[in-house]
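Spelled out, the chains give:
Protein chains: 2
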Amino acid sequence: MKTAQELDALDPLGHLRGAFQVPEGMVYLDGNSLGPMPRTAPDAMSRLLHNEWGQELIGGWNTSDWIGLPERLGARIAKVIGASGREVMACDSISINLFKLLVAALELNAPRKKVVIERGQFPTDGYVTHGLSNLLGEDRISIVSVDRDDVAAAIDDETAVVLLSHVHYVTSEKYDLADWTERAHAVGALVIWDLAHSAGVEPLKVSDAKVDFATGCTYKFLCGGPGAPSFVYVAERWLSQAKQPIWGWMGHRSPFEFSEGYEGANGTGQFLTGTPSIIAMAAAFEALSLFQHLDFEAVQQKSQSLSQRLIDGVAAKKLPVQLASPEEASMRGSHVSFRHPDAYSVMQALIEAGVVGDFRAPDVLRFGIHPLVNSYLDIDRCLETLHDVLADQRFKEPRFSIKQRVT
Amino acid sequence: MKTAQELDALDPLGHLRGAFQVPEGMVYLDGNSLGPMPRTAPDAMSRLLHNEWGQELIGGWNTSDWIGLPERLGARIAKVIGASGREVMACDSISINLFKLLVAALELNAPRKKVVIERGQFPTDGYVTHGLSNLLGEDRISIVSVDRDDVAAAIDDETAVVLLSHVHYVTSEKYDLADWTERAHAVGALVIWDLAHSAGVEPLKVSDAKVDFATGCTYKFLCGGPGAPSFVYVAERWLSQAKQPIWGWMGHRSPFEFSEGYEGANGTGQFLTGTPSIIAMAAAFEALSLFQHLDFEAVQQKSQSLSQRLIDGVAAKKLPVQLASPEEASMRGSHVSFRHPDAYSVMQALIEAGVVGDFRAPDVLRFGIHPLVNSYLDIDRCLETLHDVLADQRFKEPRFSIKQRVT
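Read top to bottom, the protein sequences are chains S and Z. With this note's numbering applied, the first sequence corresponds to residues 1 to 407, in that order. With this note's numbering applied, the second sequence corresponds to residues 1 to 407, in that order.
Derived by calculation from the structure, the hints in this document are not laboratory data. A portion of the hints provided could be inaccurate.
One copy or any two copies: either way a pair holds, since identical chains are not told apart in the list.
What the hints assert, rightly or not - Straight-line C-alpha distance at most 27 Å; calculated DSSO-like pairs for lysine-lysine:
#	residue 1	residue 2
1	Lys-318	Lys-396
2	Lys-210	Lys-79
3	Lys-113	Lys-210
4	Lys-114	Lys-243
5	Lys-113	Lys-243
6	Lys-114	Lys-79
7	Lys-205	Lys-243
8	Lys-210	Lys-114
9	Lys-205	Lys-396
Go ahead and model the full structure; you've got the sequences and the hints to work with.
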């Protein structure tokens, strides 16, 4: 087996690691929660502030095309998810976009009213669906929330919409996007995919997969900054028909006519609501520049190679944790989870030792693999530190701290 | 009459002008559209990027209390609008917040369903109301949209909600907040105020005025940056009952428990939806620091003094424009509008000459007065330039440009 140093030296994506800011000595395995900062972000922000806001003031909406930024950011996101620029618009948050897309999809598929969601997927997906049901009532939306194993059976010829997370935020289990979209279409249902945990780390092809609607965020693997904007994807074939219910002025066909009656913009323009945050979008726009010319097959290959090294290393070292993610690489997203009864304390000890992953209740250690940021050495350091922590039962003590390895 | 120089020298708020970045030679009379950048904004942003996102990464949510930022920003906004910190939360955009507040208010005042809005107020207010009606149907919301003069008569004992812009975005006409709130309450209606054009430039006292709900933005007079976050205000007495319909995970009582069922947070916390943009909120938070210890009576006094100088100057110079704002200072917000048949060309010529106001179709020249930014000299330069432009009929020619006065 090659050493981490050898693999890092051969890594065709290795040159990108320097594009991101990770503190010296930190092994950052949480890019699936908040991506690290692109090193060019502060300069991009400084230009926006000093040269645009500071110099152009209100004129920046035209001169610097702030007004077109949601669309331009959307076009960059489109390249990452395999869509056309026309099909993607950056706007709002995932929660709000799910609300908009659910209403749009339900209306397109009326009189069907059944929405299938998976129990245990990221909570906001279910919360938003139930909130909409609370607003519209059971005669307009009927929620079927089932365990993962029962999702297939729940999708039937009464189903209006199937709303699923492409990659499960805890287990990393992944749906085959094209296959499950086809399954839904076969019975006349529409799909909404939450791509939060897959955008940026694999070759998504939402247009080819005939996905109807999707959303996701830019603050995880796409490194757009804390709370960076979300996006909507609306398939070309639905662009003229899909209508969302929050009629803000930015979604109007001609916002600056300030006309009395609402006429929604064409296409994804109608999915805009209020005035977009230019500052937030500019940071995400800068980050997305790093994702424009990537070979996402190679990105995924590296993700799987790192993940496999982590899984194999845990097995080889006989570490007392249990894999909570699929063994088969093609069934996983870009994070790997393990269970341990004292997962919370273990993760605290890991973080103190400079290996930053996530704890997810009740017993999950989650390690996000960012193929542009992480190295093989990161994986080895994670394994060594995990070994040290687990070997030293003091990790259960509240103030236990293992010395950080700096290699 | 004192000269502009004398008045500027005596101005108790004059020392604040240096806190904002306005290009040399520009007279910026558009702070009601986009406030100028506080000079400390780039450093604040740099600290957020380098020290927080760059160094703390995911840890920033706790270490730098990003998770509390919507509430902390809300508390700063509360000081500006005369509310308690518990009553205000920074979140989303005005359009989205109006949607949330309308649903909350309608539910509180059921079975009433009538919503009174003013025709010609800022379009998003009407658009959002009609969008909600389109979603819920006429048996749940019935919109009465009337001209300003007919608003009073439209508010009756069937009215559920009165949704009004405190200051009119074109004419600057202002409602007496306490008086109109009382008028609504007298017949059992609730009020939602859009404070976009008044927050930051006058002594608002929403709690004392018994306002039920309000929203507004931080990108106008509050100088939070292009597209900076909006906020909701919910009166203390409604905090335990008001429920909004977009059930995002950040509005959950315990978001990090990732529990299956939605339980809304207490108070304004339930008005959060998805993950907030920390970058956008940090810029606004920095800007709001300039508004924490202001005497808003003095701020308003200066606004009125500058506005009056502009109105009086137009009259004294016999400029061929017609005042489109109330003559009485107490009836105006912090902008002044004039009509001219060639308003578009006139404003273009003014902007080229360095006097930046706004054109509003079909014939309005709008000048925003920012009491912390603008000087008496700004007003004199605006008057002189307006005089020059109007005296030279070439302003109607597309490429006409009058030389910028630099004084």
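Hints, one by one, checked against the model:
no.	hint	in the structure
1	Lys-318 - Lys-396	within (20 Å within a copy, 82 Å between copies)
2	Lys-210 - Lys-79	within (16 Å within a copy, 50 Å between copies)
3	Lys-113 - Lys-210	within (21 Å within a copy, 41 Å between copies)
4	Lys-114 - Lys-243	both (19 Å within a copy, 24 Å between copies)
5	Lys-113 - Lys-243	both (16 Å within a copy, 24 Å between copies)
6	Lys-114 - Lys-79	neither (32 Å within a copy, 46 Å between copies)
7	Lys-205 - Lys-243	within (24 Å within a copy, 38 Å between copies)
8	Lys-210 - Lys-114	within (21 Å within a copy, 42 Å between copies)
9	Lys-205 - Lys-396	neither (45 Å within a copy, 52 Å between copies)
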